[in-house]
Amino acid sequence: MMDEFLSSIISVLFYGVAYGMVLYVISVGLSITMGMMGVANLAHGVFAMSGGYILVTALAKFHIPFPLALALAFFIVAFASVFLDRLLYKHIYGSPELEQVLFSIALIFIAIAIARIVFGTLQQPVLLPDYLKDQFTFLGRDFPAYRVFIIIFSSLLIGVLWFGVENTKWGAMVRATVDHREMAQSIGINTKLLFSVTFAVGSGLAGLGGALGAEIIAIQPTYPLEQLVFFLIVVSVGGLGSLKGPFIAALLIGVLDTACKYWLPEFGAFFIYIVTIGILLWRPMGLLGKRA
Amino acid sequence: MTKFIGFQSDSRIRKTELLPWIFAVVVFFVLPEYLSLGAQILTFILFALSLDLITGYAGVVTLGHAAFFGVGAYTCGILSAKLGITDPILLIICSAIACALLGFFTGLVILRTQKLTQLMLTLAIAALCYEVANKATLITGGADGLTGVIIGPVLGLFKFDFLNKTAYLWCLVILFIFWVVIRRIIYSPFGITLAGIKENKQRMQAIGVPVMSYLLKAYTLAAMVAGIAGALITQTNQFVGLNVIGFEPSGEILVMLILGGVGRMYGAFVGPFLFLIAQDYLAKKFPEYWNLGIGLMLLMVVLYAKGGILGLFDKLFAKSEEPK
Chain A
1 MMDEFLSSII SVLFYGVAYG MVLYVISVGL SITMGMMGVA NLAHGVFAMS
51 GGYILVTALA KFHIPFPLAL ALAFFIVAFA SVFLDRLLYK HIYGSPELEQ
101 VLFSIALIFI AIAIARIVFG TLQQPVLLPD YLKDQFTFLG RDFPAYRVFI
151 IIFSSLLIGV LWFGVENTKW GAMVRATVDH REMAQSIGIN TKLLFSVTFA
201 VGSGLAGLGG ALGAEIIAIQ PTYPLEQLVF FLIVVSVGGL GSLKGPFIAA
251 LLIGVLDTAC KYWLPEFGAF FIYIVTIGIL LWRPMGLLGK RA
Chain D
1001 MTKFIGFQSD SRIRKTELLP WIFAVVVFFV LPEYLSLGAQ ILTFILFALS
1051 LDLITGYAGV VTLGHAAFFG VGAYTCGILS AKLGITDPIL LIICSAIACA
1101 LLGFFTGLVI LRTQKLTQLM LTLAIAALCY EVANKATLIT GGADGLTGVI
1151 IGPVLGLFKF DFLNKTAYLW CLVILFIFWV VIRRIIYSPF GITLAGIKEN
1201 KQRMQAIGVP VMSYLLKAYT LAAMVAGIAG ALITQTNQFV GLNVIGFEPS
1251 GEILVMLILG GVGRMYGAFV GPFLFLIAQD YLAKKFPEYW NLGIGLMLLM
1301 VVLYAKGGIL GLFDKLFAKS EEPK
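Protein chains in written order, with our numbering: chain A, 1 to 292; chain D, 1001 to 1324.
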């Protein structure tokens, strides 16, 4: 009895952390770019969905090895986001919030329509390589290799990202711009260029996260709309412009969601929303937020 | 500068403002086969009008306005299907009270915050309402929807018929009443104070306006009117489904309002009217292109035509009036 309970706790934690990692990799770019430019970009999920479709297509149609497909998801999405930024997003920097919201809703609608036309409405199957389909045995328990891979890969990625933001010159400039854009601009940081680069990296990460989590968050046309709430929760609970806040929030949401699905499926996502509302009431700027 | 409809301008009803009502009455006699769609449109106009009050005039951007629409719809549906209350006026009053209370208490929470946090809170509250409606299947019917809604005759005289004649007129009467109320509010000192808060919250605070209390009143009122619109949709359809609550209808009504033109009262008439007719024709035939079209149109409106369709008309007329 006790052992059963312990083992269910371990699996909830394990699955929850894997899900949380994916949420974080997808959402971290949103937190930084929103913190930098103050753009309410609800269409961030579009990048994640695109990454997922790129991975699925690369695996199924072109038989590209899994690691390469992941890299493709990152680079294609990052590259495409630069065009999107120069073409469309540049019109809404500094616009009223309502326009930003509607602009990004418009992008979501267009992305959903394109995904539906190109791929159809069905959920895309992910052809994982055999080495990720195995079970991984640790301390007498079985863990699916795919999720172990997600956790390890994301941890490394997050380590590199945090190191980059904390210890490189680019990271210092990003932090300066998040803290005070006008000041950063006036001491000679090209905030526009910096933002473009950061936007590309953030979008690329979303694409990578979408690809990485394609088995966990199903790749289908309504993805950007259905997952939007979760990405926004991660960012707003974690705190805009923060790097570590969303990490805590993503793990919290990941574990909480998994736990609710496991023990209290009849309540759905009810507790997630309750916790979100509670945290935002307690700390309106999020756990580690720089601004609302 | 955009022309303000508000306290400064002449508050008498202009002849053009009667056009929608004349049109609605003509439709009743000329196009009886479209009364079902017509009743939907009237309901969504009322819904959009309530959103215009809080977003267009008071400047509170909400992604969760359908929480009130949905709670209004479910209140009306549950009272009728489970408790056997069938009087349409009483049902509307109950929905209005429920949503005003919900609006008041969520407003207390939401209006304290701003920007992303505010967006997120409105979204979370709508999502919460959706989750309750989805999971409390015993009361709400869950994903299958709530059936067994029976609506008695209006004032004991006019039965809801299969041709939707009563439903159409009933929606029209309620919409007219709240059009008068909201119009009165917009032309009042209260309305212009809201516009001031939208333009510059800090300055309004500084000249001594109790901003929070004004916003809370407006939010509660908008919630109540949205709830009444929700009750109307239940009475027209005699059914409540999950599509009235949550983020998607919230986004949709925002889109309708923006297409019509936000903060100009009649945008709330034009937007739902065109959107729902287009949806009725196109969405079922070309579902994927429907989303694409709406997305592109929305993009155009945000980038090039910030006043929506009515804003475009204003520009056209402004140009033709200029001396050559």
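Keep in mind that the hints were calculated from the coordinates and are not lab data. Errors might be hidden in some of the hints.
Stated by the list, open to error - Distance condition first, Cα-Cα at most 30 Å in a straight line; then the derived DSBU-like pairs of lysine-lysine:
#: 1; chain 1: A; residue 1: Lys90; chain 2: D; residue 2: Lys1115
#: 2; chain 1: A; residue 1: Lys244; chain 2: D; residue 2: Lys1284
#: 3; chain 1: A; residue 1: Lys192; chain 2: D; residue 2: Lys1135
#: 4; chain 1: D; residue 1: Lys1285; chain 2: A; residue 2: Lys261
#: 5; chain 1: D; residue 1: Lys1015; chain 2: D; residue 2: Lys1284
What the hints assert, rightly or not - Quick list of simulated restraints, FRET-style, between CB atoms:
#: 6; chain 1: D; residue 1: Phe1104; chain 2: A; residue 2: Leu68; range: 44 to 50 Å
#: 7; chain 1: A; residue 1: Gln135; chain 2: D; residue 2: Lys1284; range: 42 to 48 Å
#: 8; chain 1: D; residue 1: Arg1112; chain 2: A; residue 2: Lys261; range: 38 to 44 Å
For each residue, glycine too, the CB sits at the ideal point set by N, CA and C.
**Prompt:** CA of A/Lys192 to CA of D/Lys1135, is that 30 Å or under?
**Reply:** 46 Å, violated
**Asked** Quick one, are A/Lys244 and D/Lys1284 close enough, alpha carbons at most 30 Å?
**Response** 45 Å, violated
**Item:** 30 Å limit on alpha-carbon distance, applied to hinted pair D/Lys1285 and A/Lys261
**Value:** Measuring from Cα to Cα gives roughly 37 Å; hence the hint is violated.
**Message:** Taking 42 to 48 Å as the stated bounds, is the beta-carbon spacing between A/Gln135 and D/Lys1284 within them?
**Reply:** 46 Å, holds
**Item:** 30 Å Cα cutoff - pair D/Lys1015, D/Lys1284
**Value:** 37 Å, violated
**Request:** Could you see if the CB distance from D/Arg1112 to A/Lys261 stays within 38 to 44 Å?
**Result:** 32 Å, violated
**Asked** Within 30 Å, alpha carbon to alpha carbon, are A/Lys90 and D/Lys1115?
**Response** 20 Å, holds
**Item:** Assessment of proposed distance window 44 to 50 Å (beta carbons of D/Phe1104, A/Leu68)
**Value:** Hint violated: Cβ distance 56 Å, outside 44 to 50 Å.
The structure does not agree with the numbered hints 2, 3, 4, 5, 6, 8 stated previously, though it agrees with the rest.
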